[in-house]
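> Since the structure of chain A is provided, determine the placement of chain B on it from the hints.
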Amino acid sequence: DVKVTQSSRYLVKRTGEKVFLECVQDMDHENMFWYRQDPGLGLRLIYFSYDVKMKEKGDIPEGYSVSREKKERFSLILESASTNQTSMYLCASSLLTLHYTFGSGTRLTVV
Amino acid sequence: KQEVTQIPAALSVPEGENLVLNCSFTDSAIYNLQWFRQDPGKGLTSLLLIQSSQREQTSGRLNASLDKSSGRSTLYIAASQPGDSATYLCAVGNNYGQNFVFGPGTRLSVLP
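Taken in sequence, the protein lines are chains A and B. Residue numbers for the first sequence follow the working numbering, so the first one is 24 and each next one is one higher. Residue numbers for the second sequence follow the working numbering, so the first one is 872 and each next one is one higher.
If we strip away everything but chain A, and leave its shape as in the complex, we get:
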């Protein structure tokens, strides 16, 4: 089975800090995704990547950037964390549009 690993389950950061969320998948999937999930708003796509060094904006890219230097790793960067970025962050990978596999999520709190 594909495994998607997110580096932290819980994270607490201060306003203004630069935050890195890491995601690694072990099945050579081309596509990787970052979502955030908030009560009442569901999953919203932040960024996705369909190849190394490629990235596409999702629905809510503002305040975020991403990096994909290697196929297996997709990093989400909060350039200057703000309290409205407190959320559950979910990483996923897929082969074409076949089965999505999600990581366990990172619950980020910005204080």
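Quick caveat, the hints were computed from the structure, so don't treat them as lab data. Treat each hint with caution, since some may be false.
Said to hold, decoys possible - Chain B regions said to be covered by chain A (calculated; three or more residues, Cβ under 8 Å):
(1) 891-898
(2) 905-914
(3) 974-981
As the list claims (entries may be wrong) - The calculated lysine-lysine pairs, modelled on BS3-like cross-linking and capped at a C-alpha distance of 25 Å, are:
(4) A:93 with A:26
(5) A:93 with A:78
(6) B:872 with A:80
(7) A:26 with A:78
(8) A:26 with B:913
(9) A:26 with A:94
(10) A:78 with B:872
(11) A:80 with A:41
(12) A:78 with A:41
(13) B:913 with A:36
(14) A:94 with A:78
(15) A:80 with A:94
Every residue gets a Cβ at the ideal spot worked out from N, C-alpha and C, and that includes glycine.
Quick look at chain B alone, frame taken from chain A:
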């Protein structure tokens, strides 16, 4: 822009009941549709994937159907168990697409 809705938002049933969860989407030009389960505070687990050319998929007590022309999918759970309690999300894969659009989910509680 594709929009996905799910009805009901929440459902509570006694153990043993058969139940149906509904998913609707606005653009019928989909590539596939996937049902997920999410336990509280956890990531999503894929349950069933239906390609646009298929009408249904089955896995154990779960059966998912797809009617592209009407923009609907249903997830049928037979003989529900307390362990089925979770939030169920459907996600629509866009045409030629690389990503899914998610519905808001149905929160299911199965009471012992």
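> Flag every earlier hint the structure violates by its number, smallest first.
The structure breaks only hint 1.
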